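Peer 1: Kindly produce the complete structure, drawing on both the sequences and the hints.
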Amino acid sequence: MALIQFLVIALLGLQVLAASPPKKPVDPTVPQCYTEPELGEVQKADCPAALAKIIYEKDTLSKLETRLAVVSGDCVIRLSNTKQVVVTKKQIEDTVTEIIKSSCKSGHAKVKGNTEVAISITPRGKPRAWVTPYDPDFPLGKPFCFHAAQGQVVKEDCLEAFNQLPVDKQGQLVSPADKKLGHSFHLKVKSCRLIVYTTDGSNVSVKKQDISAIVTGMINNCNSQWGTVNVKGTEGPNGHVTIVTRSY
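Under mature numbering (1 follows the signal peptide of the UniProt record, and there is no 0), read the sequence shown as residues -18 to -1, 1 to 230, first letter to last.
Just so you know, the hints here were simulated from the structure itself, not pulled from any lab data. Computed from a predicted structure; not experimentally measured. Every residue, glycine too, gets a C-beta built ideally from N, C-alpha and C. A portion of the hints provided could be inaccurate.
What the hints assert, rightly or not - Derived lysine to any residue pairs resembling SDA-like cross-links, with alpha carbons at most 20 Å apart:
{"hint": "1", "residue 1": "K94", "residue 2": "S62"}
{"hint": "2", "residue 1": "K214", "residue 2": "A195"}
{"hint": "3", "residue 1": "K137", "residue 2": "P125"}
{"hint": "4", "residue 1": "K94", "residue 2": "T64"}
{"hint": "5", "residue 1": "K214", "residue 2": "T48"}
{"hint": "6", "residue 1": "K71", "residue 2": "L46"}
{"hint": "7", "residue 1": "K161", "residue 2": "V149"}
Unchecked claim - Have a look at the derived ranges for each label pair, beta carbon to beta carbon:
{"hint": "8", "residue 1": "P158", "residue 2": "W112", "range": "24 to 30 Å"}
{"hint": "9", "residue 1": "P10", "residue 2": "E39", "range": "23 to 29 Å"}
{"hint": "10", "residue 1": "P219", "residue 2": "P30", "range": "16 to 22 Å"}
{"hint": "11", "residue 1": "D160", "residue 2": "T64", "range": "20 to 26 Å"}
{"hint": "12", "residue 1": "I37", "residue 2": "P158", "range": "26 to 32 Å"}
{"hint": "13", "residue 1": "K40", "residue 2": "K162", "range": "25 to 31 Å"}
{"hint": "14", "residue 1": "T17", "residue 2": "I37", "range": "30 to 36 Å"}
{"hint": "15", "residue 1": "K94", "residue 2": "K161", "range": "39 to 45 Å"}
{"hint": "16", "residue 1": "E142", "residue 2": "T17", "range": "40 to 46 Å"}
{"hint": "17", "residue 1": "V136", "residue 2": "D160", "range": "25 to 31 Å"}
Peer 2: Written as structure tokens, this is what we have:
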């Protein structure tokens, strides 16, 4: 008897499941809220000024760039376009407006009609002691030393790492691995790893001699601490080159 009751209940359960309508897939173009409380709340009134900082080519984002970040006040707008599809100024502005109008303290959404492109809006990163030099508006040419990483590197190793970075016939920095232009490369010498990357995903287009004094100045200034400095020199219009010295 108990077995019959179990089978009846099981069959009824299967009928309920069969009758339940399938869940509608989440529309990626509808703003989604970040749930991490540590992110904090974006100052949405600052976002239009941040949005106005994006540089376009005939109202279209440069296809050389796979990402970008702009900031004003406490509103950081980030865009990801890894497949380098065509995305227009209007599409970007409409998506940002939708996120701003949402109830999200900080959030993200895909671009309508162009879901290969993702946009997010957040406050400036925290903790400030670690992320300040990675703000999109951190001054170019200004060195930043990570005091918490005191004694982590040997200055002479970092200087040698920069000295070993190869260049092409035009004097532009190239990858140590294949001697080709790229958007990111690194070189390790003993205690120090030197990392070079562009913030917009386009290729590095800076000549080593043009940044030598700035980079060696940062390394000497930071001494045994990790350090970083930003310079001009990307193929895309919305980025800059970041040079980092660290122990790993």
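Peer 1: Each hint: holds or not?
Peer 2: Going through the hints against the structure:
For the proposed pair K94 and S62, the alpha carbon gap of about 14 Å is at most 20 Å, so the pair holds. Taking the CA atoms of K214 and A195, the gap is about 14 Å. The hint holds against a cut of 20 Å. Proposed proximity of K137 and P125 is supported: the alpha carbons are some 14 Å apart, at most 20 Å. For a cut-off of 20 Å, the pair hint linking K94 to T64 stands: about 16 Å separates their Cα positions.
Taken as a hint, the K214 and T48 pair is honoured in the structure, with Cα atoms around 17 Å apart against an allowance of 20 Å. A distance of roughly 16 Å separates the Cα atoms of K71 and L46; the hinted pair therefore holds under the 20 Å criterion. With a C-alpha separation of about 7 Å, the suggested pair K161 and V149 falls inside the 20 Å cut-off, and the hint holds. Restraint check, P158 to W112: a C-beta distance of roughly 26 Å satisfies the suggested window 24 to 30 Å.
Between P10 and E39 the C-beta distance comes to about 26 Å, which sits within the given range of 23 to 29 Å. Checked against the hint of 16 to 22 Å, the pair P219 and P30 passes, with Cβ atoms roughly 20 Å apart. Hint check: D160 to T64, Cβ distance near 21 Å, so the stated range 20 to 26 Å holds. Restraint check, I37 to P158: a C-beta distance of roughly 30 Å satisfies the suggested window 26 to 32 Å.
K40 and K162 have their C-beta atoms about 29 Å apart, which keeps the hinted 25 to 31 Å range intact. The beta-carbon spacing between T17 and I37, approximately 32 Å, falls within the hinted interval of 30 to 36 Å. A hinted range of 39 to 45 Å for the beta carbons of K94 and K161 is consistent with their spacing of about 42 Å. The supplied range of 40 to 46 Å is met by E142 and T17, whose beta-carbon atoms lie about 45 Å from each other.
For V136 and D160, the hinted distance range of 25 to 31 Å is satisfied, since their beta carbons lie about 28 Å from each other.
Consistency with the previously given hints is maintained throughout, with no hint failing.
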